[in-house]
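Using the sequences provided together with the hints, build the complete structure.
Residues in the sequence shown are numbered consecutively from 6, following my numbering.
Treat the hints as calculated values from the structure; they're not laboratory data. Note that this is a predicted model, so its numbers are computed, not measured. A few of these clues could be false.
Stated by the list, open to error - Just the calculated beta-carbon pair ranges, DEER-fashion:
(1) D7 / D92: 49 to 57 Å
(2) Q63 / Q84: 19 to 27 Å
(3) D7 / F56: 35 to 43 Å
(4) V88 / R64: 33 to 41 Å
No residue lacks a Cβ here, since even glycine has one placed at the ideal position from N, Cα and C.
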Amino acid sequence: MDADVVVVGAGLAGLVATHELTALGKRVVLVDQESPANLGGQAWWSFGGLFLVDTPEQRRLGVHDSLELAWSDWQGSAQFDRVDDEDALAVRWARAYVEFAAG
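If you want it as structure tokens, here you go:
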């Protein structure tokens, strides 16, 4: 193949890079180890969404957010209410994810 650029990875970043390059008139080859059914990579699982907590952008826009607020919201949505600690692992995972997003 003859191309100006080779983009490795058809995840969200690779797709965006490919779009930007083709918009500039570049000939692009996009390669990925996965099948076409997995186009978009991990973005498919997140539906393209991001989970961010108390970012500089939020603060600049006047959006009040904090680790405590995000954790409270998560708990309200998840409704961890099974008896005998059946939700214990899910709670640990969720808390770690919220802390990661806040970091």
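Do the hints match the structure? See the list:
Roughly 55 Å separates the CB atoms of D7 and D92, a value that falls within the hinted 49 to 57 Å. A hinted range of 19 to 27 Å for the beta carbons of Q63 and Q84 is consistent with their spacing of about 25 Å. Between D7 and F56 the CB atoms are about 41 Å apart, so this pair conforms to the stated range of 35 to 43 Å. Between V88 and R64 the C-beta distance comes to about 40 Å, which sits within the given range of 33 to 41 Å.
The structure meets every hint from the earlier list without exception.
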